[in-house]
Amino acid sequence: MTPQIIIIDDDPVSSKIAQISIQRNKPDVMVTVFNNPIEALDSITTNYESFAQQFSTLLLIDINMPEMSGWEFIESLNQNIPALEEKFKGIILSSSVDPADIEKSKEYPSIVHYLTKPFTLDMASTIDQWFA
Amino acid sequence: MSTSEEKIVLLENKIKEIQEMRETIHYIVMAVMAKNTIKDVLWEITQNCIHRLGLLDCVIYLFHEEDQTLRQFAALGEKQADGSWEVVNPIALKLGQGIVGHVALTGTPEIISDTTKDDRYVQDVDGCQSEIAVPIKLGDKLIGVLDSEHPEKNFYQPKHLEMLSTIASLCAFKIDSLHNMDKLIRTNAQLRIAQKVAQLGAWEYSNITKRIYFHPKVEELMEKDPSTRGLTFEELENILNPGDIDFFRKSWRDYWDTGQAPPGYLRITLNKQERYVIWRVADTKDQMLKNQEVVTGIFFDITEIKKLESQKDSLVNELSKRNQSLSQFNKIISHNLRAPVANMIGILQLLDALDAESPEYKSMQNELGQLAHGIDHIIKDLNGALSSTTEIKESKQKVDLKETLWAVVDLLHHQIKEVKPNITVDTQQAPYAFAYPAYIHSIFYNLLSNAIKYRSPDRPLEIQLHSEMLEKEIKIHFKDNGKGINFKQNKDHIFGLYKRFHKEIEGKGLGLFITKQQVEFMGGDISVSGNENNGLEFTILLPKS
Chain C
1 MTPQIIIIDD DPVSSKIAQI SIQRNKPDVM VTVFNNPIEA LDSITTNYES FAQQFSTLLL
61 IDINMPEMSG WEFIESLNQN IPALEEKFKG IILSSSVDPA DIEKSKEYPS IVHYLTKPFT
121 LDMASTIDQW FA
Chain R
133 MSTSEEKIVL LENKIKEIQE MRETIHYIVM AVMAKNTIKD VLWEITQNCI HRLGLLDCVI
193 YLFHEEDQTL RQFAALGEKQ ADGSWEVVNP IALKLGQGIV GHVALTGTPE IISDTTKDDR
253 YVQDVDGCQS EIAVPIKLGD KLIGVLDSEH PEKNFYQPKH LEMLSTIASL CAFKIDSLHN
313 MDKLIRTNAQ LRIAQKVAQL GAWEYSNITK RIYFHPKVEE LMEKDPSTRG LTFEELENIL
373 NPGDIDFFRK SWRDYWDTGQ APPGYLRITL NKQERYVIWR VADTKDQMLK NQEVVTGIFF
433 DITEIKKLES QKDSLVNELS KRNQSLSQFN KIISHNLRAP VANMIGILQL LDALDAESPE
493 YKSMQNELGQ LAHGIDHIIK DLNGALSSTT EIKESKQKVD LKETLWAVVD LLHHQIKEVK
553 PNITVDTQQA PYAFAYPAYI HSIFYNLLSN AIKYRSPDRP LEIQLHSEML EKEIKIHFKD
613 NGKGINFKQN KDHIFGLYKR FHKEIEGKGL GLFITKQQVE FMGGDISVSG NENNGLEFTI
673 LLPKS
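Here the protein sequences come in this chain order: C and R.
The opening residue of the first sequence carries number 1 in our numbering; numbering runs sequentially from there.
The opening residue of the second sequence carries number 133 in our numbering; numbering runs sequentially from there.
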């Protein structure tokens, strides 16, 4: 299955950095960027069945976004998609270095890792370990 | 004269003597009973009473239990200082020493007809040859000795012994009752001091008069004729906080039903001040009178304690608010500053890897410059925000709302010139707020610059400031006709950190967050209403004092 990474981050610069880094190191990975989590939620909810058939999908989720927080995003996704953690793996990508945020990420079964911004080329080269 | 006539004369003399004794005793009883201190009693006995018995000298010794010694206290004759109630060179005798000490020890009165023949005799005054000593005792308790000496031998007769013994008993009784009275008065005074210090009082309810009596009295503290003692239930309920009347009635009912009443506090207005008073009905088992004619209890003024408590509470409140804003500040730093810095680091390492001629390189380079400016902006913003949140050294004062708004307009004159908003101010009803001037300034600054930033491109900007006076607060309305926000989605978020609703406009989502912090710090509240088309209306409530 084709590996796919969906970036959900309101900050266009930060998502661009992640996108370029991944594309340089893992050109075979398909990268999609959503700067609005609500749009991301709609799109993923609509397409998750076909995604599940075609792609091995990893979500890179920011926490602090104006429309809805990363946590709210995961919770909504969880409501919309049955057995979410079997279909998608998620990684938090946040500028927050607050230990409380790192702890909180562990409460979500679909979140497998926590990365602190910026997204680096090194991170890109090891990202495939998280694909299911 | 015949024998029978002699007998009659003798009898008549005897009757006369008895009558005289009776009169003397009567006089002494009346005189002693009228005295109120031990000193007065004893000097009265030595001065007047003894004189009426025809004695030349008399000394009263008082027994001091702590060192088992008898000391001269009051005297008539040689031992009395001229014209004053002092004993000259008062001597002290150990228990058992001398005739006085001996009488004190045995408790038996004695007449010494010839002191020269008694080894125990201790000379106090020159030229005395006979002595009489009578113990002053109450039951077994020794109080002192009544002692008299005379220059003639064989002067003292059984009638003297009888009279002095009577006087001694009277004296003992009187001194004892004075002692008790003294103790009672002292205890009472101590109790009153303790009550005052502890803010503690007692009350009793009489089932006969149907009134409650307070000790110390509270009638003076009420607008009530203090000459009618005690309070009826109605009078008491009149000074109770209405919210406490039910509790008061219930605890009273509970008492009659179960013999117990739960303790609790009541708010009572005394002397125009509301006081917090713990009210306790003594349990039936503690009641002095079991017949329920009187119910007793205590009251305990805890107003000061309550005051301290509320001071402590507001301190804790203030501290936790401070703490909260500190932790919010931490969030601002960690997100608003950390995010662009992280981006800069990310771009820098990408620039190393990217081809310098690629379009990505150019766009990243461009972003880098913007990020640097953005960080500069945030730091300036933070500086402004922080200087106003930490500036609590100055105290709250009257702040002219209109004046403050115009000062802010002045500060924003660049934007104002460009946008030319129509600003109307109506603060006639409530021209002033009682607040921190820097906060009001900062609040108006944020609201006004937001209104300018998020104005609608379709219509000229209108801004209205209007204030009104409420009972305990002043209400400030700040209205614009800008873009507004989507209330369905965002109403709860508007004052939160990082929340921005218009991506195309610069801003860090700090302003309204800080505004809310400042309003709340002054004990007020801020809310927002309006709709997407007609702009926003912020409503600020600030306490009057």
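Simulated from the structure, these hints should not be mistaken for laboratory data.
Every residue, glycine too, gets a C-beta built ideally from N, C-alpha and C.
A portion of the hints provided could be inaccurate.
Here are the in silico distance ranges between beta carbons for each label pair [said to hold, decoys possible]:
| no. | chain 1 | residue 1 | chain 2 | residue 2 | range |
| --- | --- | --- | --- | --- | --- |
| 1 | R | N666 | C | E85 | 51 to 57 Å |
| 2 | C | S43 | R | G375 | 45 to 51 Å |
| 3 | R | K604 | C | E85 | 52 to 58 Å |
Rough simulated footprint, nothing fancy, chain R against chain C, three-plus residues with beta-carbon under 8 Å [to be verified]:
| no. | segment |
| --- | --- |
| 4 | 20 to 28 |
| 5 | 73 to 86 |
These are the hints, each one checked on the structure:
1. R:N666 to C:E85: 51 to 57 Å: Since the Cβ atoms of R:N666 and C:E85 sit about 45 Å apart, the hinted range of 51 to 57 Å is violated.
2. C:S43 to R:G375: 45 to 51 Å: 58 Å, violated
3. R:K604 to C:E85: 52 to 58 Å: For R:K604 and C:E85 the Cβ distance comes to about 53 Å; the hint holds.
4. 20 to 28: holds (count 3)
5. 73 to 86: Violated: only 0 residues of the segment 73 to 86 of chain C have a Cβ under 8 Å from chain R.
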